[in-house]
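Construct the complete structure from the given sequences, taking the supplied hints into account.
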Amino acid sequence: MESEVTLERWDSKTDNRNRVFAAVFAHSDDLAILAGGLTMKLISEGYTGYFIKTTNDEMDSYDLSMAETVYRLYNETVEVTNFLGLKKLYSLDYKNHYLEHGQLSEIRHRLITLFRFLQVDTVISFDPWGHYEENPDHYITGHAVEQACWTAGRHLDLPELSDLGLKPKFVTRKYLVARGPQLVNRAVDITPMIDRKFSAITIHRTPLDNMFRTHRDLHPNDSIEMDGYIWREFLKKADPKYGVKYVEEYHFIDEG
0 MESEVTLERW
10 DSKTDNRNRV
20 FAAVFAHSDD
30 LAILAGGLTM
40 KLISEGYTGY
50 FIKTTNDEMD
60 SYDLSMAETV
70 YRLYNETVEV
80 TNFLGLKKLY
90 SLDYKNHYLE
100 HGQLSEIRHR
110 LITLFRFLQV
120 DTVISFDPWG
130 HYEENPDHYI
140 TGHAVEQACW
150 TAGRHLDLPE
160 LSDLGLKPKF
170 VTRKYLVARG
180 PQLVNRAVDI
190 TPMIDRKFSA
200 ITIHRTPLDN
210 MFRTHRDLHP
220 NDSIEMDGYI
230 WREFLKKADP
240 KYGVKYVEEY
250 HFIDEG
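For reference, each letter of the sequence shown is one residue, going 0 to 255 in numbering that gives the first Met the number 0.
Note that these hints are calculated values from the structure, not bench results.
Just so you know, not all the hints are guaranteed correct.
[Unchecked claim] Capping the alpha-carbon separation at 25 Å, the derived lysine to any residue pairs in SDA-like fashion look like this: (1) 168 - 179; (2) 86 - 18; (3) 94 - 61; (4) 12 - 195; (5) 87 - 61; (6) 12 - 42; (7) 173 - 225; (8) 173 - 42; (9) 168 - 104; (10) 86 - 112; (11) 166 - 47; (12) 168 - 251; (13) 244 - 195; (14) 173 - 109; (15) 12 - 109; (16) 240 - 185; (17) 244 - 168; (18) 94 - 65; (19) 235 - 191; (20) 240 - 3; (21) 168 - 13; (22) 240 - 179.
[Stated by the list, open to error] Simulated restraints, written as ranges between beta carbons of each label pair: (23) 3 - 190: 17 to 25 Å; (24) 225 - 179: 47 to 55 Å; (25) 87 - 236: 47 to 55 Å.
All C-beta atoms in this analysis are idealised placements derived from N, C-alpha and C, irrespective of residue type, glycine included.
Following this line, the structure appears as structure tokens:
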């Protein structure tokens with residue numbers, strides 16, 4: 000689905016040195032795959048960025064134990080956090096694939112605390128209203144972020160935080176992404192950083208191995224190799240209407 004779409008171009012003159020964003024995603028590889036280009040663009044403009052990951056990633060391997068999966072994914076997440084230029088990783092470590100609506104308030108409260116502490120004014124996360132999202136970790140994370148963005152600015156939500164020095168602050172700028180249909184109104188030109196986005200994705204060796212080998216199991220006649228698989232699945236060329244080679248599409252909200 001689309002409305003009028005604004006193309007956000009790569010502009011080295013843009014100065015966002017006083018702004019802070021949090022990229023809030025469920026899993027280690029969500030950030031690089033869905034928003035790696037935007038992340039690098041904002042940091043190049045002067046933003047300070049943080050990665051908040053809501054699950055422990057224990058399910059995302061092909062044939063490893065849960066313990067080995069968590070260990071590998073944690074190290075890969077730290078590596079990609081550093082590669083993208085983010086200041087710090089916060090992992091909330093909820094059980095992978097088992098986020099549910101009963102946890103929304105708790106996750107929202109933890110996000111409010113971090114948003115106030117880090118002075119976040121911009122988020123990158125899942126669109127909670129994107130269609131046909133099958134993974135509960137994705138849509139629960141999206142709803143928690145949506146709720147935390149405005150409740151973080153209200154003095155009667157978690158009033159004890161004010162006594163701890165964490166004053167109310169609204170998160171007013173949002174880049175929301177979906178794997179399925181969504182109301183797209185912002186396309187971010189990531190052409191200058193497409194090779195670095197590819198490199199960021201390749202850091203996720205464990206989930207990529209899972210995705211690629213599962214794909215091979217389901218499509219034994221597909222002879223594509225790993226690099227080609229990454230480009231085909233995650234780095235598709237942009238619609239010609241944008242006039243640039245590669246974009247990431249978002250529903251963008253800017254409330255001041």
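We went through each hint and held it up to the structure:
1. 168 - 179: violated (31 Å)
2. 86 - 18: holds (13 Å)
3. 94 - 61: Since the Cα atoms of residue 94 and residue 61 sit roughly 18 Å apart, the hinted pair holds (cutoff 25 Å).
4. 12 - 195: Judged against 25 Å, a Cα distance of about 21 Å means the pair holds.
5. 87 - 61: Violated, at roughly 28 Å.
6. 12 - 42: Holds, at about 13 Å.
7. 173 - 225: Since the Cα atoms of residue 173 and residue 225 sit roughly 32 Å apart, the hinted pair is violated (cutoff 25 Å).
8. 173 - 42: holds (15 Å)
9. 168 - 104: Cα-Cα ~18 Å, so holds.
10. 86 - 112: holds (17 Å)
11. 166 - 47: Answer holds: residue 166 to residue 47 is near 19 Å, not above 25 Å.
12. 168 - 251: holds (19 Å)
13. 244 - 195: holds (15 Å)
14. 173 - 109: holds (18 Å)
15. 12 - 109: violated (35 Å)
16. 240 - 185: OK: residue 240 and residue 185 at ~13 Å, within 25 Å.
17. 244 - 168: Violated, at roughly 37 Å.
18. 94 - 65: holds (11 Å)
19. 235 - 191: holds (15 Å)
20. 240 - 3: holds (12 Å)
21. 168 - 13: holds (24 Å)
22. 240 - 179: With Cα atoms ~20 Å apart, residue 240 and residue 179 stay inside 25 Å; holds.
23. 3 - 190: 17 to 25 Å: holds (22 Å)
24. 225 - 179: 47 to 55 Å: Given a distance of about 25 Å, which is not inside 47 to 55 Å, the answer is violated.
25. 87 - 236: 47 to 55 Å: violated (33 Å)
In terms of the numbered hints stated before, the structure departs from hints 1, 5, 7, 15, 17, 24, 25, listed from lowest to highest.
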